[in-house]
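There are 2 protein chains.
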Amino acid sequence: MTAINTAAAFRDCLARNDFAAIEAALAHRHPADLAKMTETLDSREIIQLLMLTNDRRSAKIFGYFEPAMQVAVADVLSRKELARLVTAMSHDERADLFNRLTEEQQQMLLPGMAHAEREDIRRLASYPEGTAGSIMTSDYASLTPGLTVRAAIERLRGEAPDKETIYEAYVVDEARRLIGVVSLRDLLLARNEVLVAKIMRKTVIFAQVQDGRDEVVQKISDYDLLALPIVNGDNALVGIVTVDDAMDAAEARQGRRVAQFGGNATIGGDPDLDLRNSSLLQMFKVRAFWLVMLTVFGVVTSTFVAAQEEILSQVIVLAAFIAPIVDMGGNTGSQSATLVIRAMAIGDVKLRWRDIWFVIRREIPVVLTLGVVVALLEVILAYFSKGVGGEVLLVVGLSMAVCTVLGGVIGALLPFAARRIGTDPATLSSPLITSVMDLLGVFTYFGLAYLFLGHLLVSQ
Amino acid sequence: MTAINTAAAFRDCLARNDFAAIEAALAHRHPADLAKMTETLDSREIIQLLMLTNDRRSAKIFGYFEPAMQVAVADVLSRKELARLVTAMSHDERADLFNRLTEEQQQMLLPGMAHAEREDIRRLASYPEGTAGSIMTSDYASLTPGLTVRAAIERLRGEAPDKETIYEAYVVDEARRLIGVVSLRDLLLARNEVLVAKIMRKTVIFAQVQDGRDEVVQKISDYDLLALPIVNGDNALVGIVTVDDAMDAAEARQGRRVAQFGGNATIGGDPDLDLRNSSLLQMFKVRAFWLVMLTVFGVVTSTFVAAQEEILSQVIVLAAFIAPIVDMGGNTGSQSATLVIRAMAIGDVKLRWRDIWFVIRREIPVVLTLGVVVALLEVILAYFSKGVGGEVLLVVGLSMAVCTVLGGVIGALLPFAARRIGTDPATLSSPLITSVMDLLGVFTYFGLAYLFLGHLLVSQ
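Taken in sequence, the protein lines are chains A and B.
Note that full-length UniProt numbering numbers the first sequence so that position 365 is 365, with each residue one more than the last.
Note that full-length UniProt numbering numbers the second sequence so that position 236 is 236, with each residue one more than the last.
Keep in mind that the hints were calculated from the coordinates and are not lab data.
Keep in mind that the hints are not guaranteed to be accurate.
The list treats identical chains as interchangeable, and a pair is accepted whether it falls inside one copy or across any two copies.
In silico lysine-lysine, BS3-like type, Cα no more than 30 Å apart, as pairs [claimed, not checked]:
1) K36 with K60
2) K60 with K350
3) K386 with K60
4) K60 with K202
5) K198 with K163
6) K198 with K36
7) K36 with K350
8) K386 with K350
9) K285 with K350
10) K285 with K386
The structure displayed is predicted, hence computed values, not measured ones.
Isolated chain A, as found in the complex (with noise of 0.2 Å):
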């Protein structure tokens, strides 16, 4: 039988017929690759394979297909299919197609599901998005505390095949409130007529499901937990978040800073920019908000400049270094910042006068060398490629030096700065940095130039 490995193997497969290769490709392979094989297939075909394995194996293939082409193949599907193919799926799954889906899809899905699945699907999709509630799946096991640990096993295996998860089982009381946890190694260390309430661990980390994804994702990592019930209002059991989605939910937080420290940090709660799924309506403001921000603060800095008239007129050349001092600023400031944004991204530096004192404390030697070894090769490419006199040699080494090392300390205090009042360190974006640097080098530069160059203005 040939093994099945791609997604033009499968269309040869359907077109010879060759039902029994196909099955066992979809009953041996792992979904995740099943759906990364035949995502270049078309909806009918994808259909023809699905047909091929049960409705549960069916669903959980589909489950990772790309959301385009979840809603692409739900689109050929008759109602009654797609209500089959729903009702099989996980239902954290289910509801995140149900967003997906157009309102009419929806309101053609709905009337073909049993009541029970159409409530939930309902309730799911609801949630805001970036909650718990958005994230998580209904799908739990619960147990009541009167039940032994051999009536509990029991009952967790029966419901096996329909949980998303069965190592950890929640036990509620009448009302649905969430009273203890029982991992499914703790029923089978027990003893079997021992009853859970007697085991369960009374205190139990929960999320509400209004809190936010960042927050559930955090608390999962930090107790190592396969699973993070959520309770409502009531304190009511609604649902649980599995590691695997809150792994997912981080891995989408990626290069969020990146994309915020490069100038795209959105205001208050509004969602990130994202590349695929923002309109070009959001992307033009908020990357406006912050270019029209950064234009009028530069204007301070070019105000400046232009009143450095007669220096500039009497020493042409001093024009050409006004670009490489500022850029130095601006570049170790921007070294510095983002070392520190990682620190306190990863824990190892917090919002404490001993942290600031210890990130200072390294900072200045490094910038120190690192502001006279490029002030020295400035100095001498500048005498070398123009030809500029001793004095102006000096202006521009001494600036070079002091815009590095300023750049450098006030880059590593910033994100400081930024958790002081309030905000996330990556929005001190780059383009913000640099433009801080221009200002406080041009008067650093033209201080320095009055200092050593003035007697040419006077001497007129």
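Using the hints, position chain B against chain A.
Quick look at chain B alone, frame taken from chain A:
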């Protein structure tokens, strides 16, 4: 009985010899919370607390201490006490602790341990940082294919207290080669007399002991695994990486891209710069590399500007706008680049023509509009703050617009170029983008200046 919530409360109870309260807290609170609560106590107080609970629990709480705290406590314990603690710890955590001890402490500890434990620690501690071996644990559950389901469950029940997890059991042959995997759920759902060989999954997702840590995390994430088995060169099972350790590894990766993008990227296989752990020399070397490169690159820009002496002497005020104009290219480029870097990080965009086209197609209308907006703004501000004349305003406005558009498009393409030459897109740091746009910016600016203001030179 007082509920203990803080280090002070612990200290209090110790002073009053209220051991019952402490024992209760140690038994019922989550080890992660206990570790956090006690981190401000000194080593001796911590040892007093740990002695009030059993070895396993003690080791669990100890495992959640910050590394520095673990080493401090280890230093105060006698060899016998330390050996006891280490024997009870999970295998990956004790190997990590071992690697943090001084050679002296290591030499003191090892003879106090049983042979099997000593060899296990030595083995686990020997894997290079950043490999699967360095984050795996060796206390996995294994089964032989000839066991019945009933026998397998009994075995897992017996081993449960000593294994990291019993929810995934690995089926090995006599040479300990990995031949299958079976979950506890599968065992519970199967009939007692069936053989493990019959129900195990034969296509096992695994990794090699020398594979990179990032690869391991990716597999666990892609396949929603609870644990990933790790094999050595002979395909023998040597350990597993559990999902909680994968989440920790993923978290440690966070902010790495920001640090790289800020201009701290290390070359080749060198470890990332780390504010806490890198030596001052390492910090200097990496940062100096980039700053020197940028300085040298910047000489091209400054030499070009110096050569524009003629037109600068005629229209001094041109110097004032050099910074804002070249900045805008860098700012927009930074925004674009980081949006693309993020999209690549979460898999939304890949190195293929249709994605490049997608990005450009969306980028162009946005940066065109941005270009017009910032150009108009700069021109208005320039007029009111400096009273510059019409032709200069035209040059400034056009340069601003062109630089914005150019910066945006180039910024968006750079991550693709990075991928093409096989380097992480985030290595294309913000300072680099700024420097490139500086050069393009001055070319554009002075090019346009000659176009519209060139007549001022001729008319001399």
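Structure-based check of all given hints:
1. K36 with K60: Within one copy, since 13 Å is at most 30 Å while 39 Å is not.
2. K60 with K350: For K60 and K350, only the inter-copy Cα distance (25 Å) is at most 30 Å; the intra-copy one is 42 Å.
3. K386 with K60: Cα proximity of K386 and K60: none, with 68 Å in one copy and 66 Å across.
4. K60 with K202: between (34 Å within a copy, 19 Å between copies)
5. K198 with K163: both (24 Å within a copy, 24 Å between copies)
6. K198 with K36: Classified as between: cross-chain Cα gap 27 Å, same-chain 46 Å, threshold 30 Å.
7. K36 with K350: between (41 Å within a copy, 15 Å between copies)
8. K386 with K350: neither (47 Å within a copy, 44 Å between copies)
9. K285 with K350: between (33 Å within a copy, 26 Å between copies)
10. K285 with K386: So K285 and K386 pass the 30 Å test across copies only (28 Å; inside, 43 Å).
The structure is inconsistent with the numbered hints 3 and 8, although it conforms to all the rest.
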